[in-house]
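The primary structure of each chain is shown beneath.
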Amino acid sequence: MHHANKPFIKTGFLILFLFSLTALVVAQDATPSASGDSQALTYSVATAGEISDSAFSQTWTLTTASADRINVHVERTDGNLLPAVSILDATDKPISQSNVDQTGAAAEIENFTLPGAGDYKVLVQRVNADKGVTTGKYNLLITPLATAADNPNNTVVLGDVEYDKPINGEITATQWYQRYTFTANGQDVIRINAKRTGGTLFPEIEVLDANGASLNKAYTSDSGGTATLEKVKLPSAGQYTIAVTRASRFGGATAGTYQLDVMLVGAGEDNPMLAAAPGSVTYDTELKGSINALWYQDWTLTTQSADLITITVMRTSGDLIPQIALLGGSGQEVSRTNASPTGDSAAIRRYQLRTDGTFTVRVWRSQGKNGLTSGDYSLKVELVGSGEGSSNLADKGNTIASGQPQSGTITGVRWMETFTYKGTQGDKIDIVLDRTEGTLIPHIEIQDSNGQRLRSSALSDSRDSASITSYTLPGNADYKIVVSRDGGQTGYTTGGYSVSVSPAAK
Amino acid sequence: MHSTNRRLFTLIFFLVCALSFSTTAFAQDATAEATPEATTAPVDLNLTYSIAASGEISNSTVSQTWTLTTASADRLMVRVERTSGNLLPDVSILDASDKQLATSYGSDQTGAAAQIDNYTLPGAGTYKVLVQRVDGGTGVTAGQYSITVTPRATAADNPNNTVSLGDITAGTPINGELTGTQWYQRYTFNAAGEDVIRVTGKRTGGTLFPEVEILDSNGTSLNIGYTDYGNGDIAQINAFALPQAGTYTIAMTRAQRFGGETAGTYELNVTLLGAGDSNPLLATPKGDVKYDTALTGDIGAQWYQDWKLTTTAGDVLTIKANRTSGNLQPEVILLGGSGQEVTHGYTSNTGDSAIISRYTLSGPGNYVVRVSRAQGKTGYSTGGYSLLVSLVGSGKDSPALKESSGAIENTQTGTITGEKWSNIWTYQGTKGDVIDITVARTSDTLNPHVDIQDSNGQVLTSGYPNASRDGAEINNYTLPGTGEFKIVVYRDGNETGYTTGDYSLKVGPPAQ
Chain A
1075 MHHANKPFIK TGFLILFLFS LTALVVAQDA TPSASGDSQA LTYSVATAGE ISDSAFSQTW
1135 TLTTASADRI NVHVERTDGN LLPAVSILDA TDKPISQSNV DQTGAAAEIE NFTLPGAGDY
1195 KVLVQRVNAD KGVTTGKYNL LITPLATAAD NPNNTVVLGD VEYDKPINGE ITATQWYQRY
1255 TFTANGQDVI RINAKRTGGT LFPEIEVLDA NGASLNKAYT SDSGGTATLE KVKLPSAGQY
1315 TIAVTRASRF GGATAGTYQL DVMLVGAGED NPMLAAAPGS VTYDTELKGS INALWYQDWT
1375 LTTQSADLIT ITVMRTSGDL IPQIALLGGS GQEVSRTNAS PTGDSAAIRR YQLRTDGTFT
1435 VRVWRSQGKN GLTSGDYSLK VELVGSGEGS SNLADKGNTI ASGQPQSGTI TGVRWMETFT
1495 YKGTQGDKID IVLDRTEGTL IPHIEIQDSN GQRLRSSALS DSRDSASITS YTLPGNADYK
1555 IVVSRDGGQT GYTTGGYSVS VSPAAK
Chain B
2 MHSTNRRLFT LIFFLVCALS FSTTAFAQDA TAEATPEATT APVDLNLTYS IAASGEISNS
62 TVSQTWTLTT ASADRLMVRV ERTSGNLLPD VSILDASDKQ LATSYGSDQT GAAAQIDNYT
122 LPGAGTYKVL VQRVDGGTGV TAGQYSITVT PRATAADNPN NTVSLGDITA GTPINGELTG
182 TQWYQRYTFN AAGEDVIRVT GKRTGGTLFP EVEILDSNGT SLNIGYTDYG NGDIAQINAF
242 ALPQAGTYTI AMTRAQRFGG ETAGTYELNV TLLGAGDSNP LLATPKGDVK YDTALTGDIG
302 AQWYQDWKLT TTAGDVLTIK ANRTSGNLQP EVILLGGSGQ EVTHGYTSNT GDSAIISRYT
362 LSGPGNYVVR VSRAQGKTGY STGGYSLLVS LVGSGKDSPA LKESSGAIEN TQTGTITGEK
422 WSNIWTYQGT KGDVIDITVA RTSDTLNPHV DIQDSNGQVL TSGYPNASRD GAEINNYTLP
482 GTGEFKIVVY RDGNETGYTT GDYSLKVGPP AQ
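Protein sequence lines correspond, in order, to chains A and B. Sequence positions in the first sequence follow this note's numbering and run 1075 to 1580. Sequence positions in the second sequence follow this note's numbering and run 2 to 513.
To be clear, the hints were calculated from the coordinates, so they are not data collected in a lab. Keep in mind that a hint or two might mislead.
Said to hold, decoys possible - Simulated restraints on C-beta separations:
| hint | chain 1 | residue 1 | chain 2 | residue 2 | range |
| --- | --- | --- | --- | --- | --- |
| 1 | B | 293 | A | 1312 | 57 to 65 Å |
| 2 | B | 385 | A | 1244 | 17 to 25 Å |
| 3 | A | 1151 | B | 379 | 44 to 52 Å |
| 4 | A | 1444 | B | 379 | 28 to 36 Å |
| 5 | B | 359 | A | 1187 | 24 to 32 Å |
| 6 | B | 398 | A | 1187 | 42 to 50 Å |
| 7 | A | 1168 | B | 495 | 28 to 36 Å |
| 8 | A | 1288 | B | 311 | 35 to 43 Å |
| 9 | B | 293 | A | 1444 | 53 to 61 Å |
What the hints assert, rightly or not - Derived DSS-like pairs (lysine-lysine); straight-line CA-CA distance at most 27 Å:
| hint | chain 1 | residue 1 | chain 2 | residue 2 |
| --- | --- | --- | --- | --- |
| 10 | A | 1269 | A | 1305 |
| 11 | A | 1470 | A | 1496 |
| 12 | A | 1239 | A | 1269 |
| 13 | B | 397 | B | 309 |
| 14 | A | 1305 | B | 203 |
| 15 | A | 1269 | B | 203 |
A quick note: this is a predicted structure, and the numbers were derived from the prediction, not measured. Yeah, the Cβ is synthetic: ideal placement off N, Cα and C, and Gly gets one too.
Sequences and hints are given; from them, build the entire structure.
So this is what it looks like as structure tokens:
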């Protein structure tokens, strides 16, 4: 059996050898019709190849990181090659192809979006392939029209953008969405502008939150050269992404350089920039400040009593349309006023504080955080009338005697003056108070030594004098003669006076 | 009876005298309360806007009447302020019949002043301004005062507000000032066509909240630009298309106009954004088109430029405009012999070019190549451009195609271009001769065809292009007669073909 098998083995071996030889010949036939070297292609870099009768097709490899939109162009550089080009997937299935164009010198897959990231084959061959008759050299160029939105180029953060520090960049097909990190210190209102500085770019801008959700977009202006978000109200302090892109984005066709600007329009209420108080208020003293993105300034007003005040703010430069608010001890708004009809001033007039304590005078602009006006201002808080109990009104120990007139001045700060008069029981006296200057409408009162009112003057018809006549003193004591103005703390008048005490006229 | 009458007459006379005496005494009393014109020194009691005047009230002159003459129903403020004494002033405005129109209701809370804050007179005319002391004749105060009448706003029909202050031209700013007495300032603007203009009023000083307005020649408002309350210092009519050529009024005013409170200096600008179609600015052709020669121009307010194209045949053209500066978004338009639009190339996706590709003219004649911008007259883009009109293929009747390329005996070389996409060669043949005609591309992309024609141009036979599209052959053709034949080399697609290049042409007996 062993011997009998030997010829059989020899025969089988011969058959196998012949079979393998046939297969080798077939493989050699097949080789010219298949691809040549499967070389890698790089975007935007031209590659040279050659089609001959023995190699009528060549296969190139293209590896992409995302589902890009591309252009494939093959152009004859020599010979009479009529080129055709195809894109094949990993299973060698054609997913896009182009025959030779009308010049016969080129073939182009013009605008094809790859189905995903991965390896593709680009097959260049001649028209009619193995049955074709043309040959020659060619150039192959893959031009990316747009990388996919999830391509790392379009998702990477390129750096930080800060207020008033322009960023210069360039949008290309491979990087058409450029991200910058922006850190907001509060619920700021910001303005973002992107401007083409070169190329064909139709700019667009977008603001994204920390999760990448879109908050706002600005489209290309009519002139095509800019995109602006005038007022973006950021919802909170934190990190945002500001992106510059192009019109139609993945489907867009423009590219070019740009300048990106971010400007603070109005700091958020929680922005620490607003926290710093510029100073303290001193009555009747002009204060100066500025409003801009820091759209309000708080001045501290400390009072000893429930004063009557007038707060006035005047624009001194820029286009500031000022407003004023008065805040109470807990920051609550107790009074506010808008700008005057002329837009350059605002006033809270004759506001009666309810108590002594610490208040805030807030100077701000029309429309507050969202406003666009800015400029310098002057602020003045006038003491119209010191509150009861104020040290401004304290008794200075002035005395007055019969036949010895005294003079003085009534002001908002000191709208009341007290004179001590030593009287004798039964004396009948006249007390006369005359205005000597200003607008003072005088008022006079005689009080006992405890400050209890004994009698008040009547206002004269001419309102420039007041008098108490034929008043009989009830005892031997010190009396208080109180000189003040009509209306007391809330009165309108001020000025000089002369006061006298004399025996009652017969 | 006579004596009785005389007594009666004497009694009546006495009574009349007594009565008149008593009346005289009343009049004197009344004089003290009334105006001083009849009794005091010659004081000028005429008031002029914004000029303070002085007066005095005394026990003998408890009131003074001033005269104010106005040209219109102005809105004004009257303020009287004590300057000496203890006068508690009061002021009223009276009409011509002494009827009180407005009053301060005594003095203010300081007692030193009286003010009619904001009163609009019922019309132009003469008014009396009565200054007196509180309680008039029974009052007790006296003193000197100053009186000022401040116009808050003259009426809209006041000559100050209706007069034209001059001309304004596009591109030349006007500087002016609005006041209470002249809060509507008019400028004459002459438009050469249905122009699109921008009008901008900007505050340069004061408190002015500016407004701008365009009026037609009848004074009818066409458009208003209100104060931008974002910053309060600018007003703009961004793009307004005037209905026709003619005279318009461009007015600078303030927010709320007659009722407004602001005043200040301004700069007023008119910008021509797009000339109207009838504007002569657009009428002048920019120049003549020469095929395949770059031309340059600019688009701005002149938002299109016309180039004249004269053709001798129904040529196939490609017209392309490229932006060379600015932000121009170009368009190209081809107009026919009567100015009708025959085709339009819109701005490309990249925004910087426009193309009319491979358009076949209907025939010879005069055409206009118009370079315009996106959105035309109302567009915003401007800038320079280059224009290129390429001849893709001469029309079939073009003289260039009828010219002979010369005679051929054996071999010739030639060139196919867009202008001459067909070359005619003459060949002297003898009846019965058998020939091969071979054309082979020697450069570029040419996909050649070849015909042999009789002397009248009738095609005798055509050669077929080869599979590689770089050559064509007529093989073993037997000449039907003796004489001149035409061998025509042309490209695939003729005048609409895509290929060009050099070739070699060979005529001779068939190869053995």
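Cross-check of the supplied hints:
1. B:293 with A:1312: 57 to 65 Å: 60 Å, holds
2. B:385 with A:1244: 17 to 25 Å: Distance hint for residue 385 of chain B, residue 1244 of chain A holds at roughly 23 Å.
3. A:1151 with B:379: 44 to 52 Å: 48 Å, holds
4. A:1444 with B:379: 28 to 36 Å: With a Cβ separation near 30 Å, residue 1444 of chain A and residue 379 of chain B satisfy 28 to 36 Å, so the hint holds.
5. B:359 with A:1187: 24 to 32 Å: 27 Å, holds
6. B:398 with A:1187: 42 to 50 Å: With Cβ atoms ~46 Å apart, the hint holds.
7. A:1168 with B:495: 28 to 36 Å: 34 Å, holds
8. A:1288 with B:311: 35 to 43 Å: 55 Å, violated
9. B:293 with A:1444: 53 to 61 Å: 57 Å, holds
10. A:1269 with A:1305: Distance of about 17 Å is within 27 Å: holds.
11. A:1470 with A:1496: 16 Å, holds
12. A:1239 with A:1269: The hint holds at about 14 Å.
13. B:397 with B:309: 22 Å, holds
14. A:1305 with B:203: Satisfied, since the Cα-Cα distance of roughly 22 Å is no more than 27 Å.
15. A:1269 with B:203: Cα-Cα ~25 Å, so holds.
Violation of the numbered hints given earlier is confined to hint 8; every other hint is satisfied by the structure.
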